[in-house]
Amino acid sequence: MAALAAALVGCAAPQTRQILHNRDAADLPAAAMNSDVPFIAQDDLYCGPASLAMALGATGDAVGQQTVAKAIYTPGREGTLRSDVLAGARRWGRLAVPVGSLSGVLREVAAGNPVIVFQNLSLPIAPQWHFAVAVGYDLDRREIILHSGTARAKRTGLSTFEHTWARGDHWALVVTAPDRIPATASETEALGAAAALERVDRLDAARTAWTAVVGRWPDSFGGHMGLGNTLYARGNYSGARAAFSKAAEIRPDAAEAWNNLAYALSALGELKAAVAAAEKAVRLGGGAPNYRDTLEEMRAAAKAAA
Amino acid sequence: MQIFRRFRHLFATPLIAALVFVSMPLGVAQAGLVGSDAVVAAETSQANRDAVNTFMQREDVRGQLQAFGVDPAEAEQRVAALSDAEIAKIAGQIPEDPAGQSALGVVVGAAIVIFVVLLITDILGLTNVFSFVNSN
Numbered sequence: 024m025a026a027l028a029a030a031l032v033g034c035a036a037p038q039t040r041q042i043l044h045n046r047d048a049a050d051l052p053a054a055a056m057n058s059d060v061p062f063i064a065q066d067d068l069y070c071g072p073a074s075l076a077m078a079l080g081a082t083g084d085a086v087g088q089q090t091v092a093k094a095i096y097t098p099g100r101e102g103t104l105r106s107d108v109l110a111g112a113r114r115w116g117r118l119a120v121p122v123g124s125l126s127g128v129l130r131e132v133a134a135g136n137p138v139i140v141f142q143n144l145s146l147p148i149a150p151q152w153h154f155a156v157a158v159g160y161d162l163d164r165r166e167i168i169l170h171s172g173t174a175r176a177k178r179t180g181l182s183t184f185e186h187t188w189a190r191g192d193h194w195a196l197v198v199t200a201p202d203r204i205p206a207t208a209s210e211t212e213a214l215g216a217a218a219a220l221e222r223v224d225r226l227d228a229a230r231t232a233w234t235a236v237v238g239r240w241p242d243s244f245g246g247h248m249g250l251g252n253t254l255y256a257r258g259n260y261s262g263a264r265a266a267f268s269k270a271a272e273i274r275p276d277a278a279e280a281w282n283n284l285a286y287a288l289s290a291l292g293e294l295k296a297a298v299a300a301a302e303k304a305v306r307l308g309g310g311a312p313n314y315r316d317t318l319e320e321m322r323a324a325a326k327a328a329a
Numbered sequence: 738m739q740i741f742r743r744f745r746h747l748f749a750t751p752l753i754a755a756l757v758f759v760s761m762p763l764g765v766a767q768a769g770l771v772g773s774d775a776v777v778a779a780e781t782s783q784a785n786r787d788a789v790n791t792f793m794q795r796e797d798v799r800g801q802l803q804a805f806g807v808d809p810a811e812a813e814q815r816v817a818a819l820s821d822a823e824i825a826k827i828a829g830q831i832p833e834d835p836a837g838q839s840a841l842g843v844v845v846g847a848a849i850v851i852f853v854v855l856l857i858t859d860i861l862g863l864t865n866v867f868s869f870v871n872s873n
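In the order they appear, the protein sequences are chains A and B. For the first sequence, the numbering used here assigns the number 329 to the last residue and increments by one with no breaks. For the second sequence, the numbering used here assigns the number 873 to the last residue and increments by one with no breaks.
Just so you know, these hints were derived from the structure itself, not from any lab. Any given hint could turn out to be false.
Interface residues of chain A toward chain B, partial, derived using beta-carbon atoms under 8 angstroms [to be verified]: (1) 179; (2) 226; (3) 320.
Examples of chain A residues toward chain B, derived with CB under 8 angstroms [to be verified]: (4) 211; (5) 214; (6) 215; (7) 221; (8) 245; (9) 249; (10) 252; (11) 255; (12) 282; (13) 283; (14) 310; (15) 313; (16) 316.
Glycine is no exception: its CB is placed at the ideal position from the N, C-alpha and C atoms.
Next comes chain B alone, as it looks inside the complex (with noise of 0.2 angstroms):
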């Protein structure tokens, strides 16, 4: 797994930040009105899961799934139920396009779409991979 180590590096920052913003409790409301934090983690926690979904329609994500022999439509029910701090998780593994575009536009290496899946199955419970992923 050395060269899943090495890529995981590349990413480590954003998925460090955005585990770091989505665990922090929400911002206190003043007066009743609903704080920039609490809104803030709704818009970061959506844009996670729409990196993940995005990337779950690629050909070469769902030809990979297969190959691992996962289901790749049930593999996306079961990612929609994951919760928000397992797919930031994920969604910070996902390189962004410095424009902030989703990953469908971005040229994604092979060893990058095989370390993704195999850490979204490894969440999922379906393989055990990588020792950082807690196992129930």
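One chain only, chain A, in its complex shape (with noise of 0.2 angstroms):
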């Protein structure tokens, strides 16, 4: 019976070999589902927007696939390309982060989260694209769970998964809530997603990722700025100051920190203190204009007031 089932795992694609020869290395639960993904039977051709509704669905407000597919689908190409699913979760106030092993993928479930899946159905040849949700696994069964199509909750062979996925570039993207970060996202990867939601304009959403990241990170002088930076845009000064200061406190040779400090010290008005800073920010700033430009507004609205 273990020759029989060692010599099934020696016919699985590498990665699911790899997840089912070393369990403990894996450190992943033995099954996992997640009944709060709502399935959503895709139109036709919006096997995109149908994921990222699905996605959407379980970490906030529900939106149809139909408003989803005006934002994301592209007629001419009969399909929804992948951008186009990450800008769409960014743009509706979530984290999205990438995810690029099948360990990551099972662990994000795992975690509770959605993951959007990229898979190739066909041949190379001629490709049979589709976006799919995993919400679950079962390592003893060697199975993974989808949502897919008009399918809910099918469960697929984790190595013919592999292999269908494989052929899509191995694309999958783990969707969350902006006030929880994905368990299997870096610091760099959280940062970057936080920031795109400021670039989107979902400031509120933003505000939320960051201090997130901050939470996870303490330490995190990307986290920090980019806190100041929304409580800024958001006319918070105060907490622009305290998190602005923090990222100083943290990096005493960052000039970009002292800039910002300087700002949220002037809206405040605490004019001389925001000259000081400003003054740090050029010392340290290796000559950059933009720091002198900081250091003549904040000395000119100085002397205005004095």
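The two chains are supplied separately, each in an independent frame; assemble them into the complex guided by the hints.
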């Protein structure tokens, strides 16, 4: 029986084999199932929009696949671009981080997060591209569970899944609410995901995300800078001052921190302190012109108020 | 090179993500503040460089460079001069521990070490193994 099991695992796709052979090292629960990921049967050609709609429904307010399709579907290609799925998730105020390994996908599922996966269900020469959502798995049964097309909680062999996923260049995207950092995200990836929310003008979601980043990585320079920027943009200048001060404490020689702190101080009416901070930025800033501009601005404001 | 193609796909996604991010224009600063995009771009670039430098300190990597006739110290110097985009390309291929720790603690397969070393030497122009690396 053990020999048969070994033989079966031997035919497995490489990452599947790695995980099943080294269950202890993989450090995954034996099984997981996220029943709170809603199932949305896809409309024709809308596997991308339906998948994103399911991920959105699991992580915040529900959005219908027709609405999602208007934002992300490319009619000329009768499909959805992966980059548009990523952008769409962010435009709806979610954290979205690519996941590159099968163990990463399973780890996110075990953490309760929906993962949108991209597969080629057919041959390389005649691809049939498809988006689905990973909602569960069972290592003992060697299965992954997907909401896929019109099939709710469809069980697929892990190895088979990996083969179809590999043909799609191992694209997967974990989607979370902005107050929740994906389980497999590095600090750098989390910074990128939070900054993206600012970029698409979801400032409340961005503030929530930056708060989550510094909660997870208390010494994150980028996290405190991002938090400061979103608080400043919302007019919360004392919050911004605290965040930029913390960033400057983490990296005393970072000109950006002192520069941004100057703006927060100035907005709070602490004009002398703002000038001092701006001077520090210039000293540390290696000649970058924007720091000089900041200093001019701060000096002018202090002079006008004097 | 079939074996390399197979491993390349393992890390294509983080590579693509890293490349897309590094090539984005810096965020527009509001009223002179340094924007979050700019801060994160700098953080990402530094994290990538740290990952590549850590990788190049590994015994097996230095051994592999020597096996290919490349002086590890020389390679280190040249890698230090690479652009953010080139560093991102290399860093994207170095397997990352899910907890985000450096690659030193991670057991890295010999084939992956060879692949990344060859990628580095290709970018440095010392070898010409991969067609996807533009040679000057």
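Hints versus structure:
no.: 1; hint: 179; result: violated (19 angstroms)
no.: 2; hint: 226; result: violated (11 angstroms)
no.: 3; hint: 320; result: holds (6 angstroms)
no.: 4; hint: 211; result: holds (4 angstroms)
no.: 5; hint: 214; result: holds (5 angstroms)
no.: 6; hint: 215; result: holds (5 angstroms)
no.: 7; hint: 221; result: holds (5 angstroms)
no.: 8; hint: 245; result: holds (4 angstroms)
no.: 9; hint: 249; result: holds (4 angstroms)
no.: 10; hint: 252; result: holds (5 angstroms)
no.: 11; hint: 255; result: holds (7 angstroms)
no.: 12; hint: 282; result: holds (6 angstroms)
no.: 13; hint: 283; result: holds (5 angstroms)
no.: 14; hint: 310; result: violated (15 angstroms)
no.: 15; hint: 313; result: holds (6 angstroms)
no.: 16; hint: 316; result: holds (6 angstroms)
The earlier numbered hints that this structure contradicts are 1, 2 and 14.
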